[in-house]
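If you count the sequence shown from 1, position 139 lands on 139 in our numbering, and the numbers rise without skipping.
If you are wondering where the hints come from, they were derived from the structure by calculation, not from laboratory data.
Since no wrong hints were added, every one of them can be taken at face value.
Within a straight-line C-alpha distance of at most 30 Å, the following computed DSBU-like cross-link-like pairs (lysine-lysine) qualify:
1. Lys39 <-> Lys26
2. Lys87 <-> Lys158
3. Lys93 <-> Lys26
4. Lys92 <-> Lys22
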Amino acid sequence: MSEVQIHEMIVVEGRNDTVTIKRAVKADTIETRGSAIGKEVIDQVRRAQSKRGVIIFTDPDYAGERIRRVISQEVPGVKHAFLPQDKARGRKKIGIEHAKCEDIREALLHVRSDIGYEQVESISWEDYIDMGFTGFPDSGYLRQKVADRLGIGFANAKNFYQRLHALQVSKEELISTWLQVREELEDVT
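Given the sequences, and given the hints that come with them, work out the whole structure.
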C-alpha cells in the first residue's frame, strides 16, 4: 500500500479497478459496475460529493467516457483523473486495472475540476481549427498527444474542444503544450 492518501471518493468501473487503485494509493472507491449507471450509483456519488468530494477515474475507452459524461451531468463539481490509453493497456483490453501504480498515482495527483475558481482565457473555435485539432489527417493524433500531455483524456474533435473549456485549460497552457507536441513531432519526422 502507498503512503499517498486520497481524501475524495474515486469512481471506478469495477472491482479489479478498485483492487489496482488500492495498491497504488490509500483511497475509497465507488464502483459503477458497468456503463449502465442506475439511480443508486448516482445517489451514492451525489452523497460522496457532498461529504468528501469525488474523482471520476474511469477507463480511457468509450464506456469510460460515457460514464464520466453521465456522472458529470448529474453531479456538478466532480473532479476528473485521466490515464492515457497506452498506460492502461493490457494484453487484449484497455482499463485502469492494467495500469502501473506510479501511473495511477501520477493521474490522481493531477486531477482537474470542471468548476474553476477563476476565469481563464480559453481557446476560440477558430484558433482550435488553426492549430490543427480538427480538419486535418493527423488531427486525431495531435489531440491524443496534447491530451496525454495535459492529462485530460482523448476525445473526438468536438468533445475535446468542450473538455478544454469544461476543465478550464487556459489558452496559454494549451498553446504551450501544443508547441511542445509539434516540436516533438517535427523531431520524429
